[in-house]
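J.: Protein chains in written order, with my numbering: chain A, 9 to 209; chain W, 9 to 209.
Source of the hints: derived by calculation from the structure; they are not laboratory data. Just so we're clear, the structure is a prediction, and the values are computed from it rather than from any experiment. Be aware that a few hints might be false.
Copies of the same chain look alike in the list, so a pair counts if it fits in one copy or across any two.
In silico EDC-like links for lysine to aspartate or glutamate, alpha-carbon gap of 16 Å or less [said to hold, decoys possible]:
1. Lys154 to Glu134
2. Lys191 to Asp166
3. Lys191 to Glu164
4. Lys154 to Asp200
5. Lys68 to Asp143
6. Lys191 to Asp99
7. Lys191 to Asp51
8. Lys154 to Glu203
9. Lys154 to Asp105
10. Lys68 to Glu203
11. Lys68 to Glu188
Number of protein chains: 2
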Amino acid sequence: MLVLSSPSGAGKTTISRALLDQEPNMTLSISATTRPRRPGEVDGRDYHFVPHEEFDRLVKESQMLEHALVFGHRYGTPRQPVEAALSEGQDVMFDIDWQGTQQVADQVPNDLVRIFILPPSTQELERRLYARAQDTEEVVRARMAKAADEMSHWAEYDYVIVNHDLNDSLAQVQAILTAERLKRERQIGLRDFVESLRGAQ
Amino acid sequence: MLVLSSPSGAGKTTISRALLDQEPNMTLSISATTRPRRPGEVDGRDYHFVPHEEFDRLVKESQMLEHALVFGHRYGTPRQPVEAALSEGQDVMFDIDWQGTQQVADQVPNDLVRIFILPPSTQELERRLYARAQDTEEVVRARMAKAADEMSHWAEYDYVIVNHDLNDSLAQVQAILTAERLKRERQIGLRDFVESLRGAQ
Numbered sequence: 009m010l011v012l013s014s015p016s017g018a019g020k021t022t023i024s025r026a027l028l029d030q031e032p033n034m035t036l037s038i039s040a041t042t043r044p045r046r047p048g049e050v051d052g053r054d055y056h057f058v059p060h061e062e063f064d065r066l067v068k069e070s071q072m073l074e075h076a077l078v079f080g081h082r083y084g085t086p087r088q089p090v091e092a093a094l095s096e097g098q099d100v101m102f103d104i105d106w107q108g109t110q111q112v113a114d115q116v117p118n119d120l121v122r123i124f125i126l127p128p129s130t131q132e133l134e135r136r137l138y139a140r141a142q143d144t145e146e147v148v149r150a151r152m153a154k155a156a157d158e159m160s161h162w163a164e165y166d167y168v169i170v171n172h173d174l175n176d177s178l179a180q181v182q183a184i185l186t187a188e189r190l191k192r193e194r195q196i197g198l199r200d201f202v203e204s205l206r207g208a209q
Numbered sequence: 009m010l011v012l013s014s015p016s017g018a019g020k021t022t023i024s025r026a027l028l029d030q031e032p033n034m035t036l037s038i039s040a041t042t043r044p045r046r047p048g049e050v051d052g053r054d055y056h057f058v059p060h061e062e063f064d065r066l067v068k069e070s071q072m073l074e075h076a077l078v079f080g081h082r083y084g085t086p087r088q089p090v091e092a093a094l095s096e097g098q099d100v101m102f103d104i105d106w107q108g109t110q111q112v113a114d115q116v117p118n119d120l121v122r123i124f125i126l127p128p129s130t131q132e133l134e135r136r137l138y139a140r141a142q143d144t145e146e147v148v149r150a151r152m153a154k155a156a157d158e159m160s161h162w163a164e165y166d167y168v169i170v171n172h173d174l175n176d177s178l179a180q181v182q183a184i185l186t187a188e189r190l191k192r193e194r195q196i197g198l199r200d201f202v203e204s205l206r207g208a209q
């Protein structure tokens with residue numbers, strides 16, 4: 009289970025899309041939300057759009073790995089699709105913030121790899137937030153404040169990538185994946201393999 | 009500090025040489041030994057050849073990160089060159105066995121990355137030990153037993169690589185290096201960097 013978090017504007021979305029393209033063994037966890045579907049959004053691709061009662065039921069039955077209330081709408085990560093993908097041998101990527109990461113880490117402390125992506129500079133962060141927004145100065149300033157808040161949680165992550173260059177950052181995420189898969193405790197069946205090597209002596 | 013251990017015949021020497029070629033930031037730790045220099049060996053390249061009294065002094069003054077007695081000769085890792093390389097910003101690679109690894113881990117538990125390399129199969133291990141040795145059946149069998157003993161310690165390592173293919177294994181070691189360098193706690197100065205990103209908001 010791979011968590012990518014970052015402040016808005018650090019390049020996380022681009023990195024995670026490129027990663028999904030290049031890693032056939034990687035599935036993106038789709039969040040559930042109670043907010044209405046926007047034009048262009050597809051149910052099950054962008055979000056699982058669910059009614060409030062359904063969301064409540066999932067939370068009550070511990071079927072949410074994490075959930076939060078944002079501007080009056082609920083967002084969460086349903087547990088079932090994650091467990092289904094994992095049991096098929098897929099890795100699962102989560103595009104969630106520090107609050108979601110804390111909740112997921114609480115539930116599956118040993119099977120989680122947390123990467124935090126930082127922008128290379130304040131100038132670049134500002135540039136990206138402006139570029140994205142056809143918004144007022146005030147809205148952009150609110151986004152910058154939110155980014156500063158998100159970044160304050162960098163120390164809760166296992167790895168930190170400063171996104172100077174998309175290709176470099178993508179390669180770094182892939183190196184982390186490769187390394188994590190080589191960790192002794194993640195290699196199922198290694199004990200039997202070594203015993204077969206040793207036993208045949 | 010990177011430890012590569014493996015049974016003889018698993019391909020470790022080839023991997024470590026290729027790694028040193030490709031990683032300019034990586035220095036090989038040269039062991040000290042009391043055994044006599046053999047023809048072709050170069051002092052300071054293959055080993056630091058030291059007299060018994062000098063070896064004793066280094067051990068007594070805690071100047072050895074690890075040491076062992078093998079067939080009447082002493083072998084050890086002098087601490088000073090390792091610390092000098094680290095303080096110059098180099099990574100240091102150790103080609104030591106499980107006993108040495110335990111001793112080094114005891115002294116620097118937080119700054120050590122331990123990789124164990126396994127042969128792909130018993131057949132391949134036998135083939136390599138035979139290919140290397142113009143030796144009797146008995147000598148080869150003794151080597152196989154030593155390999156089995158070394159392999160029994162695989163679970164004391166952070167990462168395990170099964171060496172099916174040299175290039176794949178080399179890439180895996182490099183991915184581990186990349187990932188370890190991206191670990192939050194290894195990135196010195198990150199706190200200041202994040203504060204500068206946040207503070208300028």
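J.: Would you mind marking each hint as holding or not holding in the structure?
T.: Each hint, compared with the structure:
no.	hint	in the structure
1	Lys154 to Glu134	within (12 Å within a copy, 60 Å between copies)
2	Lys191 to Asp166	both (14 Å within a copy, 6 Å between copies)
3	Lys191 to Glu164	between (20 Å within a copy, 11 Å between copies)
4	Lys154 to Asp200	neither (49 Å within a copy, 19 Å between copies)
5	Lys68 to Asp143	neither (38 Å within a copy, 69 Å between copies)
6	Lys191 to Asp99	within (15 Å within a copy, 20 Å between copies)
7	Lys191 to Asp51	neither (36 Å within a copy, 36 Å between copies)
8	Lys154 to Glu203	between (52 Å within a copy, 14 Å between copies)
9	Lys154 to Asp105	within (11 Å within a copy, 50 Å between copies)
10	Lys68 to Glu203	neither (45 Å within a copy, 39 Å between copies)
11	Lys68 to Glu188	neither (33 Å within a copy, 39 Å between copies)
When the structure is compared with the earlier hints, violations turn up for hints 4, 5, 7, 10, 11 and for no others.
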